[in-house]
Amino acid sequence: MRLRIQLAIFLVIALVGIIGLYRFLQTPGYQMSVQLSDSGGVFPNAEVSYRGVAVGRVNALKLSATGVRAQLTIDDSAPPIPASAKAVVANRSAVGEQYLDLEPADDKGPYLHEGSVIPQDRTSLPPSPDEVLSNLDALVRSVPTDKLKVVVDELDKTFTGTGPDLQKLLDASSDLTTEAAKNLPQTKSLLANGKTVLDTQNRDAADITSFATSLNQIAGQLKASDPDIRSLIAIAPQAAQPVDDVLRSSGRNLSVVLANLYTTTAIAETRTAGLEELLVAYPVITAFTPGLSPDGTGHLGLILNFFNPFPCTKGYETTKERPADNTTPVAANGQAYCAEPPNSPIDVRGSQNVPRGDTPRLPGALGATQSTPSPTNMAQLLGLPG
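Residue numbers (numbering that gives the first Met the number 0): 0 to 385.
Treat the hints as calculated values from the structure; they're not laboratory data. Take every hint as true, because none was put in to throw you off.
Computed list of lysine to any residue pairs in SDA-like fashion (alpha-carbon distance at most 20 angstroms, straight line): (1) K194 - P184; (2) K85 - Y110; (3) K181 - N192; (4) K319 - Q334; (5) K313 - S343; (6) K85 - E46; (7) K146 - D136; (8) K61 - V87; (9) K194 - L183; (10) K313 - R348; (11) K148 - F158; (12) K146 - K156; (13) K61 - D100; (14) K187 - T199; (15) K167 - T157; (16) K85 - G108; (17) K85 - D106; (18) K85 - R56.
Each pair of labels, with its calculated beta carbon distance range: (19) R270 - A335: 24 to 30 angstroms; (20) S133 - L62: 23 to 29 angstroms; (21) N352 - T199: 55 to 61 angstroms.
Ideal placement from N, C-alpha and C gives every residue a C-beta, glycine not left out.
Throw the hints in and build the complete structure from the sequences for me.
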């Protein structure tokens, strides 16, 4: 009985050991592969990294119909890796230690899993040593030795005797780097705010382009008008002299006139519509007026228009009718006026129906001003000394 118990215990221990050994020998994580056109120098047991952190190993390299298939093992502790990741064979150091780096375009799924395959069109290999040496040889052969000698000689002439100056430049560069490191937060803030400014400029690119185009047109017009501008600049001093004489002779009186013109402009400001009508009609009137009597006799036609529209009679009831032959003096009826509304179809008359100007704007309170002498010449008017 005791022997059976011992055998049972031994059997249990053996099973536990086998299970543990299986788990120990079993490869953790998940298996995947990468299709390469060439090994690129990567080797079995090479490191597999993701965002610069090791996440697995290269198990084996096997030949395939299109190149080499690299078998990878990704650790269980690795984060989810997007299936759109690109596999890049890169050099870790100058001695040529290659590793496989998984470079994703974004963090979005789906993600790599057991049996995933990265196709050959999403892989990248480092240049081979023979290709590098061939390109380097071609570069060296492309450099003309005679011209290279001239460059070396000129560099020798340039830097001969400039050791102290170069030392000062290097020292100043060191100080500049130190100050830049001290102000790194401000530099980062400047770059961050610069992005906002550049984004604004990018949004206004069309307006900036239009402004530049218009500025170019203005510059072109100025270039085309160069003779006229030169003539204007030459004539301007002569034209300014009479203005200077007026200012010199008028003195304070010109300032008083300009100040009084404020009242005139304030009245005219509310009657711009009437002034506009006057400026439109006056040239027409002055154009045909001389033609009415070119030779001392009248040349015009008269058309009588009765009751179209009807004359205004409302408001004139208090005026007494008089015979036409009664020419004795009589006081005018100051109470008579056209009482028709302005929108009446009757021929509305009377100064009360004349269009009124807008309400004038009241000027704001003037701030404290300092009394200064009035300008007496052109230089003082332009704010120049003298």
